[in-house]
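A.B. asks: So the chains spell out like this:
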Amino acid sequence: MKILNYNSNIEIFNESKELKEGVRIPLTPIKTDGKIVYYLFEFLYPIFINDQQNILDIVISDNGDEILKLILYDTKKAGVHESFQILPKDLIDIQNIDLDNMNDFFNVAQSVLMEKNNIRISSLRIFKNKAIDNINNFCIGLEDLNFYEFILRFLDLIQKFFEQNIFFIYPEPNIYKFVKNLILSLKGIKLNNLFEFFEEKLTAFNVSIILNSEKLILILKIQKIKSGSDLTFKLYTPRNLGINVEGISKKRLMNQIKVKLKAEKVYFFNQNHLISLLSYIFELEFPLKIENLKFILQKVLFGFRSFENYWYMVPRPKIYNTLRRFLIRLFGTNLNLKKISHWAIPELISSSINSNFGLNSKNLLILTNISKYKKGKPMGLNFLKKVFRNALLIEIENRRIIKIIPINRNDLFVNGTLNNLQTIKFQISEKYGFVSSVIKIDSLLINEVINKFVSNLSKFKPFSKLKAFKMFKNKNLFNIYPEIPSYKLVMGKGIKSLTKLILKVFIDKHEF
Amino acid sequence: MDLLNSETAEVAIVKGETPKECVLNGIDQLGGISRYIDNGDQVFIKFNLRLPYGFPTNTNFDVLETIIQSCNKAGAKKVYVGSFPFKGVTIKAISDRLGLKRYFESIGGELAFLDNSNYFNMKKFDSEKLKVIKNRSFSKINVNNQTFIVPKVILDSNKLISVNQVNVDPLFKRRLSLLNSYSIVPNRYQEILRKGKDLLLNGQYKQDLISNIIDVFSIKKPNLVINDLFYILENAGPFIYKDSNLTKTGIMVLGNDAVAVDAVTSKIMNLNIKKNDLILKAEEKGLGLADLSKIKIIGENFENIDLIIGECTNKLDEIKLQNFSIKTGYLCSGCFKQAYHLLNLMKTNMTKDLKYITPNNSFLIGDDPPDPNNISKDNIILFGDCAINSTRKREFKIIVKESKKKRKYKVNKKVLKLSGCPPDIFKCIKLLINYYGKKDLPMLNLYSETVASYTPEKITKKLRIWEVL
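Chain order of the listed sequences is X and D. Using our numbering, read the first sequence as starting at 1 and increasing by one per residue. Using our numbering, read the second sequence as starting at 1 and increasing by one per residue.
Think of the hints as simulated: they come from the structure by calculation, not from any bench. Mixed in with the good hints there might be a few duds.
When the alpha-carbon atoms are kept at most 25 Å apart in a straight line, the in silico SDA-like pairs for lysine to any residue are as follows [stated by the list, open to error]: (1) K281/D to L200/D; (2) K488/X to N434/D; (3) K414/D to N434/D; (4) K248/D to I404/X; (5) K15/D to S350/X; (6) K221/D to K320/D; (7) K320/D to S350/X; (8) K250/X to V454/X.
Covered stretches of chain D, going by a simulated chain X footprint (3 or more residues, C-beta under 8 Å) [stated by the list, open to error]: (9) 88-98; (10) 241-252.
Chain D is nowhere near these chain X residues, computed Cβ spacing over 12 Å in every case [claimed, not checked]: (11) I92; (12) I175; (13) S341.
C-beta atoms are modelled at their ideal positions from N, C-alpha and C, and glycine is treated no differently.
Just chain X, with the same shape it has in the complex:
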């Protein structure tokens, strides 16, 4: 209600009369300036959901044969919810609604509202009663949750919406289709488990991210104090922090924010670039094509290499220091991250996948956690069984990922025999058909890769990065059966010569 009230009076609010209390972003515990919430809806809703006015929310019974509530949102601007009215339940006839094909129902609803209320709606949001119950349960104690707990709960809510088929939007925006297809393709794998898995891999960090735009600059503060569930998120504008952005340089702005928010690092991005990347991602069709994933990687790498063109960072990473790079070059290694080959790397990965695994293949990915198992010899009979964590069977058909199937531990291991990747391959092949390869990767290695090559790629720590690279040669941490040619090459070469071989492909010689 606060937000609706704010939105409807936005034109009469000025700087001094703005809401002094913060408002929560709907369905989140994030309290922030009302102006930010207004901006987010004004800016993002038309891009990602619907760029026309007026929305009709319908609550229906779980079996879909009765309308329980009709709510009409009047939006003078697309996405900016200002007021609502509750309409009579029997205004629209829901008989014979086909929830998988709502075109006819939408046309009927639109014409009824035009006739009775002289209002043209642009979209429908339909909630089954169960969805409302889920939302209500979700909102209990929401304000007191920390960001980590909120994310887990929110992902669970979204997953339920799509798995139980209890929430619909018409016309379907790309983000809706993408999230729905993603969840359904995961075949029961929980999003919040995936989030937990990746979150625990991250070491402590404290970053601020400036999202620049002509309309409103947003500042995010994300902090993880220690390992575990201690993740915080805050949202500000420069005005909230007492920073005047008129005529200020990017570097100065970033330094001021670094001081104000006591951040270790400050990143500066353009909102439009991120929106463009997200829009591309949400347009992806399922089953996912490896070709499309290749383009996303290209875009991400292109963005990464455009340091100090499209994005900035404070403190400036030492790896970009010209003298340092020159000295490394003297040792025969070209490590210019501004020339990372954004097109050759995805091309190489994609053609390696195609040739090594084939255009059709089933590949078993096993995740282990060696750190939890300290006793016993690595080659012991039950070693793999004890360090096993999760397994996924990924099925590819003509370069599309058509199935991701979680595999039960009982399907993998045979009692009383030595369980290794070979025996696992035969076991799974019996049940699911010929498995091209079994890839085993340990959490420890994933930790290292994420921390050394993702979150700290720009950090100048060559020895530590080489150490992480060397971990791929440790069969307890990473192993592929059978040994595909690319893997055989990696195992057969020394780190120095392998690095030289690969860097020549990964780093461009010239600007293209």
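Place chain D on chain X using the hints.
C.D. replies: Leaving out everything else, chain D in the frame of chain X:
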């Protein structure tokens, strides 16, 4: 009933939801596996085993598994599977990279190391011992005044089954079962003996190749033939290239007569059987039936099937390579085929390199090819003995340096000769890397190192020795 002597060629066209279901459907339609496999039979399954890469470079292993298990159920005493792979690659290398030996053992079959490469890594295995093993494992067969050596394990098997993954092919349009049979003999015996310009006359290379294929096929005809079209590699093949696409048809064609199976397969793929010299020659030699009116076709109605498959290009200059211009003279099928594979390999594995190398590169192939675009500036690659020999006296071979006093003639070092009739692709890759330099071809260098991981020099040497023995 002895199916080999039966005059009735029976072919089943079947559809299925999965390849396994499809092949079982097909065998059922033909009367069950017991029609082909008797109790106590030793069976050899000839499948496509080319390179240590994923599907569809090789046969679909789910289909193979189904057939092996069916044979075992029918009471086969032993089921061998095998094939000779791509030239320069050993069966052991492929088996190790794909885990085939143990896999086939686990499903009731045995991988036959037809090239004896399972011995190559053993210590104290010199050429004498290899010779003894080779003599023990092969028989010499004389066909049309040509001697072939054929593994005894194939000749001694009571039944031969051919399982063929149908992909597009630059020479024959489709790789069908007749072509699959060719690799029951070592690569050395698959080479065309005639060399040189004679091959240019009237498509002599292809004619010689067809004759060879028919001769090898006639050594032992398969009892059961399966053309697996369930998934077909189209546009570029039969290996996975950048332009390749996998299309799903859901269809298989099975039968007791390889020629008939290939004829029916060609028909449903919209290929003109009358233009397929391989099938026609096989029929002419009495090795099978290609006349559809004489073939008993069961299962799906082939009139209702009309598969449109993207063909391989039949012009080398249609393979677009950045910074390369391809100039073709009069060339034989041998050089065409090898150049096709080399250019596609370059297109697939040199995406970055093609931007690095200088913009002026000419690829000359065939007898009397056109001159490069810019004689003085271009890097010139001469592919094949015909191109090398026919351009001996061409202007681009010599660089003329004029000074005030005199003219100096120097050999143009920008000319790279890829010799051979036709040239060997792996050798060509090494020569290209030497020519341009590893620095300028990082992706091709990486690819070459990957290939070297399964064709190490030590093993390649042993293979060459074995082939010559």
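A.B. asks: K320/D and S350/X were given as a pair; does the straight-line alpha-carbon distance stay at or below 25 Å?
C.D. replies: holds (20 Å)
A.B. asks: Can you confirm whether the C-alpha distance between K281/D and L200/D stays at or below 25 Å?
C.D. replies: holds (20 Å)
A.B. asks: Going straight from one Cα to the other, do K15/D and S350/X come out at no more than 25 Å?
C.D. replies: violated (31 Å)
A.B. asks: I175/X clear of chain D by more than 12 Å, beta carbon to beta carbon?
C.D. replies: holds (30 Å)
A.B. asks: Can you confirm whether chain X covers the region 88-98 of chain D, using C-beta to C-beta distances below 8 Å and requiring at least three such residues?
C.D. replies: With 3 residues close enough to chain X, the hint holds.
A.B. asks: So if I understand the rule, the pair passes when the alpha-carbon distance is 25 Å or less; does K250/X with V454/X pass?
C.D. replies: holds (24 Å)
A.B. asks: Just want to verify: I92/X was marked as not at the interface with chain D; is every Cβ pair farther apart than 12 Å?
C.D. replies: Nearest chain D Cβ is 42 Å from I92/X, so the label holds.
A.B. asks: Below or equal to 25 Å on CA atoms is what counts here, so check K248/D against I404/X.
C.D. replies: holds (20 Å)
A.B. asks: Okay, the region 241-252 of chain D and chain X, do three or more residues pass the C-beta test at under 8 Å?
C.D. replies: holds (count 6)
A.B. asks: Does K320/D lie within 25 Å of K221/D when you go C-alpha to C-alpha?
C.D. replies: Answer violated: K221/D to K320/D is near 40 Å, above 25 Å.
A.B. asks: Decide if the proposed pair is consistent with the structure: K488/X and N434/D, CA atoms, cutoff 25 Å inclusive.
C.D. replies: holds (24 Å)
A.B. asks: Run the distance test for K414/D versus N434/D: straight-line Cα separation, threshold 25 Å.
C.D. replies: Distance ~12 Å between K414/D and N434/D Cα, so the pair holds.
Hints 5, 6, 13 from the list above are not met by this structure, while the remaining hints are.
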